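**Student:** Now for the letters of each chain:
Number of protein chains: 2
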Amino acid sequence: MKYFFAAIFSLLSVVFSAQENADSLAIRKFYTYHLTQSNTYENLRYLCKKIGGRISGSPQAEKAVEWAEQAMLKAGADTVYLIPCMVPKWVRGPKEQCMAAKGAIKEKLTVCALGGSVGTGKKGITAKVIEVTSFEEMEKLGAEKIKGNIVFFNVSFDAGLVSPGSAYGKAVKYRWAGPSKAAKLGAIATVVKSMTNANNDVPHTGAMGYDSLVKDASGQVIKIPAFALSPKGASMLAQLLLKDKNLQLYLFSDCQMLPDVPSFSVVGEIRGKEIPNEVIVTGGHLDSWDTGEGAHDDGAGVVQSIEIIAAIKASGIKNKRTIRSIAFMNEENGLRGGTTYGKFAENEKNKKHIAAIESDGGGLVPRSLGIDVGTDTLAMYYEKWEKLFKPYGVLITNGGGGADIGPLEKIGATQMSLNVDNQRYFDYHHTPDDVFENVHKRELELGSAAMTSLVYLLDKYGVFKK
Amino acid sequence: MKYFFAAIFSLLSVVFSAQENADSLAIRKFYTYHLTQSNTYENLRYLCKKIGGRISGSPQAEKAVEWAEQAMLKAGADTVYLIPCMVPKWVRGPKEQCMAAKGAIKEKLTVCALGGSVGTGKKGITAKVIEVTSFEEMEKLGAEKIKGNIVFFNVSFDAGLVSPGSAYGKAVKYRWAGPSKAAKLGAIATVVKSMTNANNDVPHTGAMGYDSLVKDASGQVIKIPAFALSPKGASMLAQLLLKDKNLQLYLFSDCQMLPDVPSFSVVGEIRGKEIPNEVIVTGGHLDSWDTGEGAHDDGAGVVQSIEIIAAIKASGIKNKRTIRSIAFMNEENGLRGGTTYGKFAENEKNKKHIAAIESDGGGLVPRSLGIDVGTDTLAMYYEKWEKLFKPYGVLITNGGGGADIGPLEKIGATQMSLNVDNQRYFDYHHTPDDVFENVHKRELELGSAAMTSLVYLLDKYGVFKK
Chain U
1 MKYFFAAIFS
11 LLSVVFSAQE
21 NADSLAIRKF
31 YTYHLTQSNT
41 YENLRYLCKK
51 IGGRISGSPQ
61 AEKAVEWAEQ
71 AMLKAGADTV
81 YLIPCMVPKW
91 VRGPKEQCMA
101 AKGAIKEKLT
111 VCALGGSVGT
121 GKKGITAKVI
131 EVTSFEEMEK
141 LGAEKIKGNI
151 VFFNVSFDAG
161 LVSPGSAYGK
171 AVKYRWAGPS
181 KAAKLGAIAT
191 VVKSMTNANN
201 DVPHTGAMGY
211 DSLVKDASGQ
221 VIKIPAFALS
231 PKGASMLAQL
241 LLKDKNLQLY
251 LFSDCQMLPD
261 VPSFSVVGEI
271 RGKEIPNEVI
281 VTGGHLDSWD
291 TGEGAHDDGA
301 GVVQSIEIIA
311 AIKASGIKNK
321 RTIRSIAFMN
331 EENGLRGGTT
341 YGKFAENEKN
351 KKHIAAIESD
361 GGGLVPRSLG
371 IDVGTDTLAM
381 YYEKWEKLFK
391 PYGVLITNGG
401 GGADIGPLEK
411 IGATQMSLNV
421 DNQRYFDYHH
431 TPDDVFENVH
441 KRELELGSAA
451 MTSLVYLLDK
461 YGVFKK
Chain V
1 MKYFFAAIFS
11 LLSVVFSAQE
21 NADSLAIRKF
31 YTYHLTQSNT
41 YENLRYLCKK
51 IGGRISGSPQ
61 AEKAVEWAEQ
71 AMLKAGADTV
81 YLIPCMVPKW
91 VRGPKEQCMA
101 AKGAIKEKLT
111 VCALGGSVGT
121 GKKGITAKVI
131 EVTSFEEMEK
141 LGAEKIKGNI
151 VFFNVSFDAG
161 LVSPGSAYGK
171 AVKYRWAGPS
181 KAAKLGAIAT
191 VVKSMTNANN
201 DVPHTGAMGY
211 DSLVKDASGQ
221 VIKIPAFALS
231 PKGASMLAQL
241 LLKDKNLQLY
251 LFSDCQMLPD
261 VPSFSVVGEI
271 RGKEIPNEVI
281 VTGGHLDSWD
291 TGEGAHDDGA
301 GVVQSIEIIA
311 AIKASGIKNK
321 RTIRSIAFMN
331 EENGLRGGTT
341 YGKFAENEKN
351 KKHIAAIESD
361 GGGLVPRSLG
371 IDVGTDTLAM
381 YYEKWEKLFK
391 PYGVLITNGG
401 GGADIGPLEK
411 IGATQMSLNV
421 DNQRYFDYHH
431 TPDDVFENVH
441 KRELELGSAA
451 MTSLVYLLDK
461 YGVFKK
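Chains as they are written, first to last, in the working numbering: chain U, 1 to 466; chain V, 1 to 466.
Same shape as in the complex, but just chain U (with noise of 0.2 Å):
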């Protein structure tokens, strides 16, 4: 390519009115803002190589609440304060261990635990392997099959769906209820293909949870060990067993779930000046998991929430309304903050929440600004909003919202998000991949210039209903 370069967005016959003039000046501001003063990028690099990995209940969760407090006032914040809650303290434990033995010959195979998952003990487990590659299937094998068993869950992720987002949401039961439905039917582990389209040896972790319904005979909750297995893992065992359906696993993990302990979501306000009362909300989480840096999930959707405000103080425009940026805890194993927040939320009885909008897809680039409407309503916001997005490249689509802000809907707020071009995401969700050095500097300034954006016009002229 030597000179040639074509306009990835167009403008078919656009005028604008004097007042979309002003506001497409003002978003382009906020654009050149954060593409060549913010502090976005060196934020996400403090956070990934300072803090690292930061799972709920840890030291390093602990530091991230710190540092995102201190972040949010130096961007401008007017107050910041901390919303307390309690959250699960789970910890992994050494590295886990996973052997095929097929007689004489032993395969090392990567996995890791599932967050939430209890250990094997000590001397691990040792058993048969049944390879299923749905629920229904295991179903069929019943009891008689699964019992005392370890089944492998080797689901395929849809590599022909053309967003990994959705593959992913067809895959990812498994990980989250396969090990107690498998437990229902007397297995005693599970392994699951961890969730992405990749083809290397590193797993994904991410939850699971144990079915409360699902009980022994002196009725405790069964809990077995839950492990995913890399791509490459998981391929190695279809291969073995293929040759040899009674092959042995051995998996060892020594992870365990302590006592809930105290943390805090951090929230960061600028009062509006002329409708304090009515707030508009932008958040990602701050928690991780452990195994990575929580670059792309969700460090990435922090600092762009937290130049918000930064990009607000800088453009010198006067909120009218409130606005917060909030890094939410423990959304990847418990929702605590979130939940919180709701019901602080709620409790705030001069406060109206009319919309909030989550990042939490990754630092990537931007492809849309979701808004969980009505068609006729999103109409209303497609017609007024939409052009000044897309010199950006940015659309308005319809659905919208995020896991933290998800309570705040119920009290009114409407449910928006950043959306970005997911089709690397899988790539490092929930990986020791998930580290600065995979996140663009640029894909992630322009995802907190659109969000900026938003929160301008939101700002500006509230939420529509129809």
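Derived from the structure by calculation, the hints contain no laboratory data. There could be a bad hint or two in this list.
Within a straight-line C-alpha distance of at most 20 Å, the following computed SDA-like cross-link-like pairs (lysine to any residue) qualify [stated by the list, open to error]:
hint	chain 1	residue 1	chain 2	residue 2
1	V	232	U	36
2	U	223	U	260
3	V	390	U	160
Here the structure is a predicted model, which means the values were calculated and not measured.
Keeping the supplied structure of chain U fixed, place chain V upon it in accordance with the hints.
**Tutor:** Showing chain V alone in chain U's frame:
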């Protein structure tokens, strides 16, 4: 992120006709083929890893021609033929050197020669450096200040522009035309800041051209050595100049332009079954710069175009019109392949080229299909086809084309291009980092899927005219 994924593309009340339904299904099948069965990524691996960088006239470029011929046959082309062209043969020679000397302190800076540049001679060049940020600034200084010195074009790559392609468009004249403009004022060499938003120590090569009107007293065209500094090298040089305006810079290169040699563009064709005289071209360029592997630029466009043949063959669809997948030679420093194919097409009296699609923006995530027609005609494409691409996150936008297919415009081929998200493109462009590992499998495949779908529609319906 645990569960939540919003759509990045929405269909606001789209209703498909039966015809559109059939097209929608065909396109869905093409996407599934590309994402799950295609050979695109493995072809790119071979081209990058087994052949590597392939500047026109090099042994690697010759190997690439042989490989492309075989790859097109394997993909299922009815016939593959070579279109000969004479290409420039520029050779870089041993590693370039650059050293800033301030008294006893010597500072090594990372440079590369620009493609087409003459060398410095074995002893190199040592002279004072005159830093300018524009041609205007250089003209003001005039021959008095410039003569006998090295000109340093320290021109910023505008980070505030959302499209790095636009920033490139603004800055690249200093690479291409800077040497002759400086030579006209008596400069003895030039260094230009690399064309990138990145801030690392990697220099970006690329074509420069000597202005045939800038001659010495004897009537010879003046050719001075031209270099690019890495971004860090440029920053360092600017800092050193702040401290000492009389800084001496040493430059060494031993590159040279040899006589033209024969080479080829490669054309793979599937003949049309109903209207074989109408031709649809799709292509990328086979040559690359020598410093990297030519992965994004433009191995990607070549393997995407080859796979269009395979996808159409796999679909069982009998194409009405003739489809040609072309691997053009010598886009980077001469455009001889594009030019000779243009002449070849002009002379094919029994053929009419109706459309040409170029992919030369990198193997990155597709954002739009650009079509270079008037607004009224674009509206027809928009109305009829855009909804078919929406589920895949691809728009139809105005403007489109590329250097290699440019010559086909005058014989009536509508100019089109695959336009990709280019935030990352200039991290790799014309550098040692343009390697296979920096291309994402799915992003590459999605580009080929979008192009195949466009070829399918063009084959079925032809081009629109208003």
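**Student:** Each hint should be assessed against the structure and marked as holding or not.
**Tutor:** Hints, one by one, checked against the model:
1. V:232 - U:36: This hinted pair holds, its Cα atoms lying about 17 Å apart.
2. U:223 - U:260: 18 Å, holds
3. V:390 - U:160: Given that 20 Å is the threshold and the Cα spacing comes to 16 Å, the pair holds.
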